[in-house]
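Asks: If you want the building blocks of each chain, they are given just below.
2 protein chains.
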Amino acid sequence: MSFGLDNLPYGSVIDQQGRRRAAVRYDTSVLDLTDLAPELFETGTLDRLLAAGPDVWSQVRARVTEVLQQGEGELIPLDAVRPVLPFTPGDYVDFYASEHHATNAGRIFRPGADPLPPSWRHQPIGYYGRSAALQASGTPVHRPSGHVRTDSGDSGVAFRPTERLDFEAELAFVVGAPSEAGRPVSVAAASRHVFGVALLNDWSARDIQAFETVPLGPFLGKSFATSISPWITPLAALEGARTASSQHPLPLPHLHEAVFPHGLALDLEVSVNGTVVSRPGFAAMYWSYAQLLAHLTSNGAAVRTGDVFASGTVSGPRADQRGCLLELTWNGTEPLTLDDGSSRTWLQDGDEVTITASHESITLGEVTGRIMP
Amino acid sequence: MSFGLDNLPYGSVIDQQGRRRAAVRYDTSVLDLTDLAPELFETGTLDRLLAAGPDVWSQVRARVTEVLQQGEGELIPLDAVRPVLPFTPGDYVDFYASEHHATNAGRIFRPGADPLPPSWRHQPIGYYGRSAALQASGTPVHRPSGHVRTDSGDSGVAFRPTERLDFEAELAFVVGAPSEAGRPVSVAAASRHVFGVALLNDWSARDIQAFETVPLGPFLGKSFATSISPWITPLAALEGARTASSQHPLPLPHLHEAVFPHGLALDLEVSVNGTVVSRPGFAAMYWSYAQLLAHLTSNGAAVRTGDVFASGTVSGPRADQRGCLLELTWNGTEPLTLDDGSSRTWLQDGDEVTITASHESITLGEVTGRIMP
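Residue numbers (the working numbering), protein chains in the order written: chain A, 1 to 373; chain B, 1 to 373.
There's no promise every hint is true.
What the hints assert, rightly or not - Reference excerpt, derived from the structure (chain B facing chain A, CB under 8 Å, subset only):
(1) Gly126
(2) Ser131
(3) Phe260
Think of the hints as simulated: they come from the structure by calculation, not from any bench.
The beta-carbon is built from N, C-alpha and C at its ideal position, and this holds for glycine as well.
The shape of chain A in the complex, shown without the other chains:
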């Protein structure tokens, strides 16, 4: 069973009467959480559960397990509900935590130079993104227009639909318990603030991004849509997936993985129209979620309930483990062939991209999206 008692991701669904309910996914059903703890779930969202902190998270997970084991509670077939974004997003940050992705991007965009930026091994690199771009898996993605370089026209610049639409396979971390301003979250305390994880697709328009990105970073080439799974797997379900990363040089003390490792041995799979195009392993990430959160708060900034920080593209060392088309097609120079015989450098209208991930019996909720003109 992909979504058994050891998993139990949380979400929020619209039922056939149009009511919104907080829910847990179990096998091919969802368990309505409303009556289990009305004070937490009467809003139909996970907002109050997220804010309640790790002791309540443990209690609710234990109670949900008990209810399901005893056959109590209201189960609704999964195909009779529509999952929606289950919490109110705060600030959204996207990191760049895969050494393989950052190295490939550096080789593509700065050939001949050191592929990793000078600070990359010293601190996690990231940027703030548009929080309102977060949308639940299944929501269509409309091909954005933007300023791009062109060979035609007087100015060398055109405003037109992107011709280099890409996906980025990532893992998102959802902040539950807020931190205090001026009090950085330590690596060891990070798991008391992070509620859970969800697969994320950071859709990217590479031609728009390339023209706008100097010197302030990605902007409209990213802000049109960011898809996230509506099922948030609690960290508690991933205890067995913990794994260590090897870091040279050792980061400065406040970023040490001192107590136990926070890497996660999740195997991702990315498919385009049903053809698997990549199988990146999250275990190969350089920076752990605990290090990302420690860094994010190291300047005194607090995190709030609903803040989301994502890993950045997950890529592994092998060519078939690259987490975006930029790398898979080497910036459009090496087309992929799909099972139907068609080839892709970038995404076409109608293409559907699906990202899944698992560790042994634990499966994350998928994130999928189809490109619309």
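On the provided structure of chain A, position chain B as indicated by the hints.
Replies: Leaving out everything else, chain B in the frame of chain A:
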């Protein structure tokens, strides 16, 4: 009178009984708005007014004017209340819309190269920032720590309090009426979405920023604090300040200032501990707020009530019109002398930075902040 009937900025204040009330600033008092339109103001914030759109904005402004002219309404002395951030911020974007600032920054960081990035004259350059960093004027600013380059130590990198703390004098635009996803806001329609303007100080730690900024842009060097005036001046008060900018080459059609100009002839003044260090003119900005909003939504992204976009540092052509210490001290190489005889390259603990602005009789609410260790 600096805050007369032609001005009337909106805010939200905590009164001596600890109640939060929506208010208008008038001379040395504030007018409590609660009873004027309870359905809009019962929350004590401006959120519902912002969302209500331009027709309601006009009606409320007319009614407030009438109430004040007739001596009705409850006036509270300004010094008996504490202004707070008056709306719930959505996403926060910071632009880079001053040609003089961008040129100076380019000369400092990329000497010998073209100081303006290649796309700068074709489209407004900007980035998303941390929305939760927005704090009301008067809130202390704690000197952040971060990763910086160092000559000592094995790694060449240290984590320590910033030694290059800077201000950036900016104007923020507060989105009122939301736009629809997939429907870019035209330049001509921008003023129906922007509720008003407020002075903003984008505090910046230049050493942290310099080390982290490649390739994804500013991050922790900015996210620790962004101060904003709690008084939002409605666009209606600034009709007389409209002025045109000269743009070469002409931007692409969707960024043309087709109907009337959206530049604003506001004169800013920046002081450190009472010494005026700069007098930038907002009229010299290259991109108007209408062009910024049109660009921000040009990829299909919607804006929400409470979204804030800022101009970027406001600098003029003269050396005494530069809007940040980076430019004023040419990256710390040309110290400023304050009236007390002390000199500054960067901000010291205890320093207080105040930004004001006016156009004829219209004065914007100031933004001020003091540096704490």
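Asks: Each hint should be assessed against the structure and marked as holding or not.
Replies: Hint by hint, here is what the structure shows:
1. Gly126: Gly126(B) check passes; min Cβ-Cβ to chain A is 6 Å, inside 8 Å.
2. Ser131: holds (5 Å)
3. Phe260: Since the shortest Cβ distance to chain A is 22 Å, the answer is violated.
The structure fails to meet hint 3 from the earlier list, while all remaining hints are met.
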